[in-house]
Amino acid sequence: MEKQGASVADRPPMIAGEMFTGGLSIVFAHVGDRLRRMRRYAAATIMKIAYGKNTPTSATDPEVIEVREILRAFRPVVRPGAYLVDSIPWLKHFPWYGQELKQWFERSKRLYVNQLNRVKQQMQSDMDEGPSFTKFMLENDNAHGLTEDELAYLSAGTTVIGNHWAISRDPEFYPEPYSFKPQRWIDDQGCLRDDLNLPIFGFGRRICPGQYVANRSVFINSVLVLWAFQLTPDSTMPLDDMGLINGIPNDRPYPIDFKTRITEMELRSMMRSYPEVV
Numbered sequence: 002m003e004k005q006g007a008s009v010a011d012r013p014p015m016i017a018g019e020m021f022t023g024g025l026s027i028v029f030a031h032v033g034d035r036l037r038r039m040r041r042y043a044a045a046t047i048m049k050i051a052y053g054k055n056t057p058t059s060a061t062d063p064e065v066i067e068v069r070e071i072l073r074a075f076r077p078v079v080r081p082g083a084y085l086v087d088s089i090p091w092l093k094h095f096p097w098y099g100q101e102l103k104q105w106f107e108r109s110k111r112l113y114v115n116q117l118n119r120v121k122q123q124m125q126s127d128m129d130e131g132p133s134f135t136k137f138m139l140e141n142d143n144a145h146g147l148t149e150d151e152l153a154y155l156s157a158g159t160t161v162i163g164n165h166w167a168i169s170r171d172p173e174f175y176p177e178p179y180s181f182k183p184q185r186w187i188d189d190q191g192c193l194r195d196d197l198n199l200p201i202f203g204f205g206r207r208i209c210p211g212q213y214v215a216n217r218s219v220f221i222n223s224v225l226v227l228w229a230f231q232l233t234p235d236s237t238m239p240l241d242d243m244g245l246i247n248g249i250p251n252d253r254p255y256p257i258d259f260k261t262r263i264t265e266m267e268l269r270s271m272m273r274s275y276p277e278v279v
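Converting from the sequence shown to my numbering requires adding 1 to each position, the first position being numbered 1.
One or more of the hints may lead you astray.
Said to hold, decoys possible - Computed list of lysine-lysine pairs in DSBU-like fashion (alpha-carbon distance at most 35 Å, straight line):
{"#": "1", "residue 1": "Lys136", "residue 2": "Lys110"}
{"#": "2", "residue 1": "Lys103", "residue 2": "Lys93"}
{"#": "3", "residue 1": "Lys136", "residue 2": "Lys103"}
{"#": "4", "residue 1": "Lys121", "residue 2": "Lys103"}
{"#": "5", "residue 1": "Lys110", "residue 2": "Lys121"}
{"#": "6", "residue 1": "Lys182", "residue 2": "Lys260"}
{"#": "7", "residue 1": "Lys121", "residue 2": "Lys136"}
{"#": "8", "residue 1": "Lys49", "residue 2": "Lys110"}
{"#": "9", "residue 1": "Lys182", "residue 2": "Lys103"}
{"#": "10", "residue 1": "Lys49", "residue 2": "Lys136"}
Hints listed in this document are in silico derivations from the structure and should not be mistaken for laboratory results. This one's a predicted model, so the numbers in the text were calculated from it and none came from an experiment.
Build out the structure end to end from the sequences listed, making use of the hints.
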C-alpha cells in the first residue's frame, strides 16, 4: 500500500453521496484529474481572498502542503480522550506537558506569520497585488470600535441585537418596502448599487466575512441561469414574493417554464471554443 499509493488511495464508491451532490462535491470526488482541479481551485481561491496571491496555487505548493500537515495533526486534538489534559485541565500549567502540541502551534503560527509578512513587504514596496483580507486588516489595524460615549450607555455584558425586520423595511432607504421592486438595486446607469448595506450579514466585528463571496456566488449563478434560459412563471399560481422561510432554506414547489435561449449546437460550439470554462 505504501509503494502503490496511487492505485489504492481512492475511497470506496459512496453512491448515496454522489446522488445527493450530483457528483459535484469535492468530498465525494474520486482520485484523478478532476479531484486535483477541484483542490487546486479551492486552494487558489482561499489564497487569493486571504492573502491576495495571484500566482497559481496547486496542491504541491509549500503553503498548501504545510496546511495539510497541520490539519492532519489537528484531527486527534478534537477526538475525545486523545489527550489527558482534557480530563485533567491543570496539566497544561506544567512546562513539560504537551510539548508536541506547543510545537504544532509554533509551526502553524509561523505559516500564517510568513504570509502576513509577505503582504506587508508588498505594501511597503508599493506592489499592487490587489485586495485581500490580510491587506484590509493591515490597512485598518488602528480602527476603533465603540466610542467612549457609546461605552457609557452600554453596560458590560449587554447583548446587542440588530432589528433586521425594521432595518430592511426602512422607507428612507427602501421606498415602498412591501413592494417587489428588483430595480431598487440598480442605479441610473444600469449597474448594481453598492451604497445599500445588507443587514442580513450582521454588523460590526460580528459581520459575516464571507458576505462578498456569497453575494458574488449568488449573482454569478443567477446570471448564468438567466443567460441560458427564459423563465416564465405560471400565471394561474401567483408567487408570494414577500414569503418568509424560517431556519435552513428549503425548496418550495412552484411551476416555472424553462426555455433555452441557445440551441444545443451553439452550446457545444462554445464549449469546444472555450474548454477552460467547462
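Original post:
Given the hinted pair Lys103 and Lys93, is their alpha-carbon gap at most 35 Å?
Top reply: 10 Å, holds
Original post:
Regarding the pair Lys121 and Lys103, is the alpha-carbon distance no greater than 35 Å?
Top reply: 26 Å, holds
**OP:** For the pair we were handed, Lys121 and Lys136, check the Cα-Cα distance against 35 Å.
**Re:** The given pair, whose Cα atoms are some 8 Å apart, holds under the 35 Å limit.
**OP:** Would you check the hint for Lys182 and Lys103, treating anything up to 35 Å between C-alpha atoms as holding?
**Re:** At roughly 56 Å apart (the allowed maximum being 35 Å), Lys103 and Lys182 break the hint.
**OP:** Compare the distance between the alpha carbons of Lys49 and Lys110 with 35 Å, and conclude whether the hinted pair is satisfied.
**Re:** Between Lys49 and Lys110 the Cα gap is close to 19 Å, so the pair holds against 35 Å.
Original post:
Is the hinted pair Lys136 and Lys110 satisfied, with a Cα-Cα distance of at most 35 Å?
Top reply: With Cα atoms ~18 Å apart, Lys136 and Lys110 stay inside 35 Å; holds.
Original post:
Can the restraint linking Lys182 and Lys260 be considered satisfied, given a maximum Cα separation of 35 Å?
Top reply: 24 Å, holds
Original post:
Within 35 Å, alpha carbon to alpha carbon, are Lys49 and Lys136?
Top reply: 11 Å, holds
Subject >> Distance restraint between Lys136 and Lys103, which requires alpha-carbon spacing of 35 Å or less >> reply: 28 Å, holds
Subject >> Lys110 paired with Lys121 [C-alpha distance capped at 35 Å] >> reply: Given pair Lys110, Lys121 holds - Cα atoms ~16 Å apart, limit 35 Å.
When held up to the earlier numbered hints, the structure conflicts with hint 9 and nothing else.
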